[in-house]
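Take the sequences, apply the hints, and build the full model.
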Amino acid sequence: MADEKVSIIVFSGDLDKALAAFNIATGAAASGMDVTMFFTFWGINMLKKTGPRKGARTLLGRVFDMFMPKGPEKLPLSKMNMGGMGSVMMRYQMAKKKVQPLAEFISMAKELGVKIVACTMSMEVMEIPAEDLNHVDEFAGVAAFLEEASKSKITLFI
Amino acid sequence: MADEKVSIIVFSGDLDKALAAFNIATGAAASGMDVTMFFTFWGINMLKKTGPRKGARTLLGRVFDMFMPKGPEKLPLSKMNMGGMGSVMMRYQMAKKKVQPLAEFISMAKELGVKIVACTMSMEVMEIPAEDLNHVDEFAGVAAFLEEASKSKITLFI
Amino acid sequence: MADEKVSIIVFSGDLDKALAAFNIATGAAASGMDVTMFFTFWGINMLKKTGPRKGARTLLGRVFDMFMPKGPEKLPLSKMNMGGMGSVMMRYQMAKKKVQPLAEFISMAKELGVKIVACTMSMEVMEIPAEDLNHVDEFAGVAAFLEEASKSKITLFI
Numbered sequence: 001m002a003d004e005k006v007s008i009i010v011f012s013g014d015l016d017k018a019l020a021a022f023n024i025a026t027g028a029a030a031s032g033m034d035v036t037m038f039f040t041f042w043g044i045n046m047l048k049k050t051g052p053r054k055g056a057r058t059l060l061g062r063v064f065d066m067f068m069p070k071g072p073e074k075l076p077l078s079k080m081n082m083g084g085m086g087s088v089m090m091r092y093q094m095a096k097k098k099v100q101p102l103a104e105f106i107s108m109a110k111e112l113g114v115k116i117v118a119c120t121m122s123m124e125v126m127e128i129p130a131e132d133l134n135h136v137d138e139f140a141g142v143a144a145f146l147e148e149a150s151k152s153k154i155t156l157f158i
Numbered sequence: 001m002a003d004e005k006v007s008i009i010v011f012s013g014d015l016d017k018a019l020a021a022f023n024i025a026t027g028a029a030a031s032g033m034d035v036t037m038f039f040t041f042w043g044i045n046m047l048k049k050t051g052p053r054k055g056a057r058t059l060l061g062r063v064f065d066m067f068m069p070k071g072p073e074k075l076p077l078s079k080m081n082m083g084g085m086g087s088v089m090m091r092y093q094m095a096k097k098k099v100q101p102l103a104e105f106i107s108m109a110k111e112l113g114v115k116i117v118a119c120t121m122s123m124e125v126m127e128i129p130a131e132d133l134n135h136v137d138e139f140a141g142v143a144a145f146l147e148e149a150s151k152s153k154i155t156l157f158i
Numbered sequence: 001m002a003d004e005k006v007s008i009i010v011f012s013g014d015l016d017k018a019l020a021a022f023n024i025a026t027g028a029a030a031s032g033m034d035v036t037m038f039f040t041f042w043g044i045n046m047l048k049k050t051g052p053r054k055g056a057r058t059l060l061g062r063v064f065d066m067f068m069p070k071g072p073e074k075l076p077l078s079k080m081n082m083g084g085m086g087s088v089m090m091r092y093q094m095a096k097k098k099v100q101p102l103a104e105f106i107s108m109a110k111e112l113g114v115k116i117v118a119c120t121m122s123m124e125v126m127e128i129p130a131e132d133l134n135h136v137d138e139f140a141g142v143a144a145f146l147e148e149a150s151k152s153k154i155t156l157f158i
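Residue numbers (this note's numbering), protein chains in the order written: chain E, 1 to 158; chain L, 1 to 158; chain U, 1 to 158.
Because the hints were derived from the structure by calculation, they are not lab data. All values reported here derive from a predicted model rather than from experimental measurement. Please note that a few of the clues may not be correct.
Note: identical chains are not told apart, hence a pair may lie in one copy or across any two.
[What the hints assert, rightly or not] In the DSBU-like style, the derived pairs of lysine-lysine whose C-alpha atoms are separated by at most 30 Å in a straight line are:
id, residue 1, residue 2
1, K54, K98
2, K96, K54
3, K54, K97
4, K151, K70
5, K74, K151
6, K79, K48
7, K96, K151
8, K110, K151
9, K48, K151
10, K79, K115
Here it is, written out as structure tokens:
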């Protein structure tokens with residue numbers, strides 16, 4: 001199992017799916033697998049820095065940015081979000097059960113050598129400048145994903 | 001194709017995705033493939049027993065249980081659920097077209113030897129005691145999933 | 001990487017996921033991979049012809065057809081659709097950033113030899129007659145998908 005490659009496309013920007021993705025990624029990396037995560041579309045939201053925006057944006061780009069969650073603390077649940085209450089309940093319950101929050105999963109992934117790739121087409125369309133993102137090892141398109149996935153034993157779309 | 005392994009993560013708790021997952025799982029098992037399904041997060045809802053709860057729960061655990069569908073007959077559709085009407089229409093239409101309901105797909109999967117694994121981290125966070133679940137062959141975490149997936153020809157996240 | 005097989009189940013009928021699916025499919029086909037896309041459930045909506053329906057439908061079949069998007073121009077976003085406004089914003093932004101619309105991605109996939117398969121069980125349940133679909137190379141069930149997937153290096157459920 002060690003030395004195998006794992007490729008995960010993180011398309012979703014929901015807390016629950018993000019937790020699943022990082023749980024698999026860190027579990028695989030911890031057992032010696034070589035893991036790459038490709039963040040695309042809503043998935044990029046969890047890599048966003050909080051605080052004032054640095055990169056230039058058109059009006060529509062600012063609207064996109066305004067409506068979208070910024071960083072791991074802000075993601076909604078895919079189900080039963082109930083205006084954010086479901087998400088708060090889930091975070092509370094995770095803390096009580098000693099499951100680390102998403103931000104810590106991301107740090108752990110970085111420490112374990114998981115490669116974080118941000119999809120350049122999504123960044124272009126949603127006007128997300130590189131300087132507004134955290135944790136990214138590489139900016140790349142679909143060709144880079146296919147290159148990794150074609151060598152991977154496990155490939156997931158989350 | 002026979003003798004190959006298939007691993008399916010069932011993350012979703014929606015009727016339509018559950019049907020897709022079990023359609024693939026039973027199809028694969030029927031043609032001799034070795035299938036494991038890992039139920040995590042909302043996916044665990046479809047394994048829940050109906051009737052009074054047996055396991056102990058905190059208040060928040062009871063709230064989670066109350067808001068979540070219990071068993072295969074209660075799952076909503078991921079789209080066009082329309083307060084349950086879409087789900088009823090889909091079940092009616094499936095019956096008319098002689099497609100078996102989800103509960104029968106689950107029984108069929110069990111008969112064909114599909115291995116049903118429930119994710120212990122999800123059970124912990126959502127306070128789902130083992131005695132409130134049906135059909136489970138094994139309770140395990142992400143490491144068990146990776147072990148199976150690293151030997152599988154087909155791995156899906158649904 | 002060339003000569004490898006890729007199998008993609010397109011279950012979702014959302015614009016954003018459809019774009020991701022076709023971006024991967026056309027990228028893979030362009031680099032010489034052998035790609036099959038299986039359209040099932042809501043995914044079939046994007047293959048629907050616009051204009052008056054040709055095939056026979058029961059009343060419930062007409063209701064399904066009425067409520068569901070027809071063709072690539074009508075798909076909603078999975079998140080932030082905001083009654084269609086999000087979808088319009090996304091299409092506008094894609095055009096400005098010179099990303100081709102979904103309809104062109106589909107044509108491009110066809111030109112690159114991507115095989116388009118429509119799931120017969122979904123067509124049966126949702127009463128979608130073959131003559132109301134575009135682009136389909138083959139009508140088939142789960143067995144055909146498993147046959148392809150068991151020979152594929154990359155298999156995704158989108």
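*Identical-chain pair category, K79 with K48, by Cα at 30 Å*: both (22 Å within a copy, 17 Å between copies)
*asked:* At most 30 Å between CA atoms: does that hold for K48 and K151 within a copy, between copies, both, or neither?
replied: within (29 Å within a copy, 35 Å between copies)
*For the identical chains here, do K79 and K115 meet the 30 Å Cα criterion within one copy, between copies, both, or neither?*
The answer is both: 28 Å in one copy and 26 Å across copies each meet 30 Å.
*Between copies, within a copy, both or neither: which fits K54 and K98 at Cα up to 30 Å?*
Between copies, since 24 Å is at most 30 Å while 35 Å is not.
_Intra- versus inter-subunit Cα pairing at 30 Å for K74 with K151_ = Result: close neither inside a copy nor across copies, 34 Å intra and 36 Å inter.
*Measure nothing new, just compare the shortest in-copy and cross-copy C-alpha distances for K151 and K70 to 30 Å and report within, between, both or neither.*
Answer is neither; intra-copy 32 Å and inter-copy 37 Å both fail.
*asked:* With identical chains, the pair K54 and K97 could be close in the same copy or across copies; at 30 Å between alpha carbons, which is it: within, between, both, or neither?
replied: between (37 Å within a copy, 20 Å between copies)
_30 Å Cα threshold - placement of K54 relative to K96_ = between (36 Å within a copy, 22 Å between copies)
*asked:* One pair to classify: K96 and K151, alpha carbons no more than 30 Å apart. Within, between, both, or neither?
replied: neither (39 Å within a copy, 35 Å between copies)
*Between copies, within a copy, both or neither: which fits K110 and K151 at Cα up to 30 Å?*
Both, since 21 Å and 26 Å are each at most 30 Å.
In this structure, the hints that do not hold are numbers 4, 5 and 7, in rising order.
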